[in-house]
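**Student:** Residue-level listing of the chains:
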Amino acid sequence: DGGITQSPKYLFRKEGQNVTLSCEQNLNHDAMYWYRQDPGQGLRLIYYSQIVNDFQKGDIAEGYSVSREKKESFPLTVTSAQKNPTAFYLCASSLGLRKEQYFGPGTRLTVT
Amino acid sequence: GESVGLHLPTLSVQEGDNSIINCAYSNSASDYFIWYKQESGKGPQFIIDIRSNMDKRQGQRVTVLLNKTVKHLSLQIAATQPGDSAVYFCADWGGGTSYGKLTFGQGTILTVHP
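If you're matching them up, the sequences are chains A and B in order.
Under our numbering, the residues of the first sequence are numbered 1 to 112, in order.
Under our numbering, the residues of the second sequence are numbered 1 to 114, in order.
Quick caveat, the hints were computed from the structure, so don't treat them as lab data.
Note that the structure is a prediction, hence the values are computed from the model and not measured.
Check the hints yourself; a few may be wrong.
List time: in silico SDA-like cross-link candidates among lysine to any residue, alpha-carbon distance up to 25 Å [what the hints assert, rightly or not]: (1) A:99 / B:11; (2) A:71 / B:67; (3) B:37 / A:100; (4) A:9 / A:105; (5) A:83 / A:61.
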């Protein structure tokens, strides 16, 4: 099956710890994205990558970091600098910018 | 800052009725709009899109209308079914410095009663 996978579905961490969320796609898409969703809110863009070894900050990049060493993978690290890390994190990919984005199932991160 | 927003946060309809979900946008440079459906605990799914050179586009049971004069778009769902119950988001690709960013609205919760 082609698609986007995110793991794990639920993640719990203690405050002060960094945590890395996984996102893998086998759609051969060049572009990948990370969004954050809070309850009752729309999605907000954290980082996006148009191509391997390149990425740009989105609207809320502070406290997050990413890497894009492989076309299929775009992991997101939530650092201890992120003030309110508890949220639902969604990864997406597309053939290119402004092409249809396909979303993964999401990871719900809870930091206590 | 500029954003995409929704007029109504919730909408309840009876099965078989037509549903209309509205969205206002403020970025005058936006030229490409998308509607997504998100079921609880899942990622959004693409429904339909429309570019700014069009004012209407139809899909299967869905129609999107775009009024650039008042910066408004709507999603019409015909013969709404219980499986249509979800949160619906409009989103736009902005122009200029926002060219590569998809901006989402707050979302409308659609509940379809059997």
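**Student:** What hint numbers does the structure not satisfy?
**Tutor:** 1, 2
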